[in-house]
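If you're matching them up, the sequences are chains D and A in order. For the first sequence, my numbering assigns the number 1 to the initial residue and increments by one for each residue that follows. For the second sequence, my numbering assigns the number 1 to the initial residue and increments by one for each residue that follows.
In case anyone wonders, no lab produced these hints; they're calculated from the structure. Hints should not be assumed to be uniformly reliable.
Just the calculated beta-carbon pair ranges, DEER-fashion [as the list claims (entries may be wrong)]: (1) A:THR264 / D:GLY39: 35 to 43 Å; (2) A:PHE155 / D:THR12: 29 to 37 Å; (3) A:GLY262 / D:LEU62: 52 to 60 Å; (4) D:LEU62 / A:PRO61: 31 to 39 Å; (5) A:LYS127 / D:ARG243: 35 to 43 Å; (6) A:LYS72 / D:SER48: 34 to 42 Å; (7) A:LYS65 / D:VAL26: 47 to 55 Å; (8) D:THR12 / A:PRO19: 47 to 55 Å; (9) D:GLU27 / A:ASP85: 49 to 57 Å.
C-beta: ideal position from N, C-alpha, C; glycine also.
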Amino acid sequence: MGLLELKSIKKTYFLGSSVWGKRKIVEAVKNVSLTLEEGVCLGLVGESGSGKSTLGKILLGLEKPDQGEVWFQGRNLYNLKAKELKELRRNLQVVFQDCYSAVNPRLTVGEIIAEPLRNYERLTSAQEKKKVQEFLEIVGLCLEDIHKYPHHFSGGQLQRINIARAIALKPKLIILDEAVSALDVLVQVQILNLLAQLKEEFQLSYLFISHDLQAVNYIADRLAVMYKGEVVERLDDMEQLERLEHPVSKKLLSSVLPPYPSGERLGIINNMTKISL
Amino acid sequence: MEQQPILTVNKLNIDVSTPHGVTQVVRDVSFKIEAGKVFGFVGESGSGKTMTCMSLLNLLPGEAKVVKGSIKFRNKDILNCSAKDMRKARGSEIAMIMQNPMTAFNPVRTIGRHFIETLKTHLPITKQQARTMAIAYLEKADLPNPENLLKQYPFQLSGGMLQRVMIAITMSLNPSILIADEPTTALDATNQLQILQQLNWLRKEYDTGILLVSHDLGVIAQLADEVAVMYGGYIVEKAPVFKLFNRPMHPYTRVLLESRLGLTRRKIKSVQRVSVSSPNLINKENTCPFFERCEDADHTCVNDNLELKECEKDHLVRCVKSG
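For reference, chain D alone in the conformation it holds in the complex (with noise of 0.2 Å):
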């Protein structure tokens, strides 16, 4: 049995209201199955609207489903006393993509990544400031950083801290919903790489939700593409990346733009075929 394991899961939002005339239906995450195993990286990736976020919401308490059930070490998150929640949960963390909305601006770096230490442990001032500092260090910033406020850090500061809040309790699994797309290529690789070496330093798990195939590519072990609320294909190989056959990953494949400028560059973009919208 995996770490993570989400039963035929299915969720429908309603728009608009009944008393008004007609309802849309959406139906964001019809009947997804998926197993995740203790320290793999799952990449999940999918066109904007195809019930990426909403699936991960799902799976962290956030949302819940209509249908279907979510085991998180070998309990049912939604059938659980709120005291076994919360124990099941800190082992349960997120980053988000938009870093800036994610934390309070009122709160100094101190405080944002002490938040998940004080509802779970009880430590003294002096305790929690050495761990804070030593998480500070652990994602690459400076201690001194601990007094200033999130509005003087550029975006990827801020998604260290984010990360450094969300290994605080050493989880065991992390959600990363987009977490390195708002930021500049330089910044992408580095926070990677980061996100690479905290997961064989604390045996971290990630569900990795992104668009950007090559960002998946770089940190998946395994890959699940979503499409219309469903799982469409599933790979367990990342070496056979290119060997993807439905056509909704063929399309996410030949997306990805050539990295060096070739004698028909221009010729790749003329001669791909029209995607029909």
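Please build the complex by placing chain A on the supplied structure of chain D, with the hints as guidance.
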């Protein structure tokens, strides 16, 4: 035969005044755009790309000021242009596509109203004529069902569709320069290709000169003819696209090129050498902007001589160590 450039920017310097002092956001930037050519700007956030674009349209925010340099569009001096002349030139002569198509449209107006308003502002035509024209251009941009599209509101379309509508509107006035500021950054990878195809078609069909700004080297590699790499407000390297990718000279360009992910599973180590912090642009001494993050930096880098030097034909580098 040497082509006459449409837009010439010469030694542009822009300062922004902040509560902490004056920040030098653009320094000594010079480039030319020719008809039918694509000039690419690469650089990280805060390197001065967008500020340069804004100054070309004379749309700099209040705190920012051009302190030195000139911008010439054909024979017109953009910086000393009257507000009325500038208004005429925007859209019809120099057009711009913004990064986020979702916020570039007015949410309570239909696509049709945006389109027709733009056409009527610049051309002496009736509403009916403008409508016919709008439909024709939406068709040219390969957008399905244009008549229906005109009735729709921006929120009913996807980001990729909106960006293509934006390009269609831009196209309809046949500008000689198009500034595309991160046109694909907010979009999915699959939409990105379509937008690039469209920009490429635009420059071939209408001979439009394009200033393509991006932090994504893949985009630049596909479309640009000449590339300038910006760092800390300076152009640190400028070269034709093949030269730049084959023989990068500036240390920053080299790290940037090595950091492309691609679809190989190779681990990229070199980026770790570059430190985490971005350059401080306030009260900068005569030091190379990349000094603090550069792996090759030593005492010779603290130098007054920060010129952009030609190390090969058409290949310019701003580094004491090369050339």
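Against the structure, the hints come out as follows:
no. : hint                            : result
1   : A:THR264 / D:GLY39: 35 to 43 Å  : violated (23 Å)
2   : A:PHE155 / D:THR12: 29 to 37 Å  : violated (21 Å)
3   : A:GLY262 / D:LEU62: 52 to 60 Å  : violated (34 Å)
4   : D:LEU62 / A:PRO61: 31 to 39 Å   : holds (38 Å)
5   : A:LYS127 / D:ARG243: 35 to 43 Å : violated (55 Å)
6   : A:LYS72 / D:SER48: 34 to 42 Å   : holds (41 Å)
7   : A:LYS65 / D:VAL26: 47 to 55 Å   : holds (48 Å)
8   : D:THR12 / A:PRO19: 47 to 55 Å   : holds (49 Å)
9   : D:GLU27 / A:ASP85: 49 to 57 Å   : holds (54 Å)
Hint check: violations occur at hints 1, 2, 3 and 5; the rest are consistent with the structure.
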